[in-house]
Amino acid sequence: MERAIFAGGCFWCMIQPFDTLPGIHTIMSGYTGGNVPNPTYEQVKAKTTGHTEAVEILYDPALISYEELLELYWQQTDPTDAFGQFEDRGDNYRPVIFYTTEEQRQKAEQSKQQLAESGRFIDPIVTTIEPAETFYLAEEEHQDYYKKNPENFERNHARRAAFIAANWEGNE
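Under the numbering used here, the first residue of the sequence shown is numbered 71, with each subsequent residue one higher.
Bear in mind the hints are in silico, worked out from the structure with no lab data behind them. Cβ coordinates follow ideal geometry from the N, Cα and C atoms, glycine included.
DSS-like, lysine-lysine: derived pairs with alpha carbons at most 30 Å apart:
(1) K117 / K182
(2) K117 / K218
(3) K115 / K217
(4) K218 / K115
(5) K115 / K182
(6) K117 / K217
The following label-pair restraints were derived from C-beta to C-beta distances:
(7) P107 / A235: 37 to 43 Å
(8) G189 / A116: 37 to 43 Å
(9) E239 / D89: 17 to 23 Å
(10) P107 / R190: 36 to 42 Å
(11) E173 / E224: 34 to 40 Å
(12) A186 / K218: 35 to 41 Å
Kindly produce the complete structure, drawing on both the sequences and the hints.
Pasting the structure below:
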């Protein structure tokens, strides 16, 4: 198994797109990139720890490649918004690809460059690519949130879904 870590706003919205793909072993909500050990949701939400909400994906590279994960990642975020994603604002919701190996870093940089050159977005691609740090699992109520709380998930996901439809669906 290999590990990928992506931040793209609220981690509730980042689980579902990856969850049922062949080769995905687990996908967990959590926090990374901060300076407080074992942060809580309330601390991260209050912006007191320096952490970013993210998802950690354990996957089988024989069944799904890192490049395929990157392609799907871009389609879940607004890569032109460095100050959060959709309703969620602040550094704790910023878009980041956290690489775990030099190979991942290179592939992420190449993927970002290809997106920038594609002309899909007028504004610059500002998603950062940073080395992975300790990943802390979020509390149990945040795991598989879209399954546990479908109505609230849909309300929180509405703006993101509209952005995805306008910028990706039918435009690949």
